[in-house]
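Using the sequences and the hints given, assemble the complete structure.
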Amino acid sequence: METVKFIWSAMTRKKSGSERPIHRGHAFPLPYTTVDVVIFTVLENALKVLLVQRPDVAGEAFPGRWALPGGFVDVVADATLEDCARRKLFEKTGVRSPYLEQLGSWGSATRDPRGWSATHVWFALIPAQDVVLAKGANATEVAWFDVDAVTQKRGLAFDHDDILRNAVERLRGKVEYTSLPAFLLSEPFTLPQLQRMYEIVLGRPVDKSGFRTRMLAADFLTEVGFVAGESNRPAIGYRLVDRQTPVVFPRTFSPRNIG
37 METVKFIWSA
47 MTRKKSGSER
57 PIHRGHAFPL
67 PYTTVDVVIF
77 TVLENALKVL
87 LVQRPDVAGE
97 AFPGRWALPG
107 GFVDVVADAT
117 LEDCARRKLF
127 EKTGVRSPYL
137 EQLGSWGSAT
147 RDPRGWSATH
157 VWFALIPAQD
167 VVLAKGANAT
177 EVAWFDVDAV
187 TQKRGLAFDH
197 DDILRNAVER
207 LRGKVEYTSL
217 PAFLLSEPFT
227 LPQLQRMYEI
237 VLGRPVDKSG
247 FRTRMLAADF
257 LTEVGFVAGE
267 SNRPAIGYRL
277 VDRQTPVVFP
287 RTFSPRNIG
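Under this note's numbering, the first residue of the sequence shown is numbered 37, with each subsequent residue one higher.
No lab work stands behind these hints, which were simulated from the structure alone.
The model shown is predicted, which means the values in this text are computed figures rather than measured ones.
Hints may be right or wrong, so weigh each one.
What the hints assert, rightly or not - In silico DSS-like links for lysine-lysine, alpha-carbon gap of 30 Å or less:
1. LYS189 - LYS210
2. LYS84 - LYS244
3. LYS210 - LYS84
Written out as structure tokens, the structure is:
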């Protein structure tokens with residue numbers, strides 16, 4: 037390895053005519069490395085996102101602004117970036133095993149006023165009944181917000197407006213052809229409850245006539261007997277066969293034919 041560095045350094049000096057040192061270790065400044073989690077749930081028949089309010093004190097980046105929950109990677113506690121995401125999610129919600137999917141990475145010299153930073157982002161789907169909110173060490177408040185209201189208003193800290201917009205697009209795009217909305221429901225649940233979850237996330241009705249057939253044919257649900265359904269009428273309850281991986285459908289959902 038040292039031979040490769042020496043050859044490269046020699047080639048660089050010869051080409052440029054200037055002396056350049058061979059860099060070893062952490063000779064270059066390292067960026068801040070963080071993980072953020074876009075946490076979705078459904079409350080009051082609306083898709084919600086969890087936000088935390090940053091401390092309104094001098095020296096804090098974006099003091100008093102709302103932001104997505106997250107924080108710096110702990111090189112002792114976090115063996116991987118996903119470990120960091122799960123740790124941050126548990127700190128804010130008390131949930132250890134939700135549906136979690138990597139969204140992407142954002143980095144620049146301008147996203148954080150403290151210096152060059154890169155963040156790695158996951159999104160999570162959690163049934164509202166499972167969540168116990170906690171502010172954590174670096175937040176003055178934590179609360180659920182209507183997704184559409186936040187994306188229209190903008191004003192989140194850092195580049196979290198863009199991150200949230202991408203997360204919503206990813207979620208709604210995948211809902212068109214996967215079983216993702218089932219991860220927003222506590223178990224057991226009924227098929228009408230599942231259909232309603234699809235409609236809330238998509239922001240539009242779906243065709244009821246083929247919904248039941250598609251759900252049962254996809255073989256991702258297991259029947260658990262009768263439960264209380266709409267208007268407390270008994271209905272068949274279901275659980276997910278796999279709470280980690282969504283099922284992919286062969287075609288997208290069609291809007292319900294109204295009128």
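- Within 30 Å, alpha carbon to alpha carbon, are LYS210 and LYS84? Roughly 17 Å between the alpha carbons, so the hint for LYS210 and LYS84 holds.
- Task: Verify the proposed pairing of LYS84 with LYS244, using a straight-line Cα cut of 30 Å.
- Result: Given that 30 Å is the threshold and the Cα spacing comes to 24 Å, the pair holds.
- Task: Decide if the proposed pair is consistent with the structure: LYS189 and LYS210, CA atoms, cutoff 30 Å inclusive.
- Result: holds, 24 Å
Hint violations for this structure: none, all hints satisfied.
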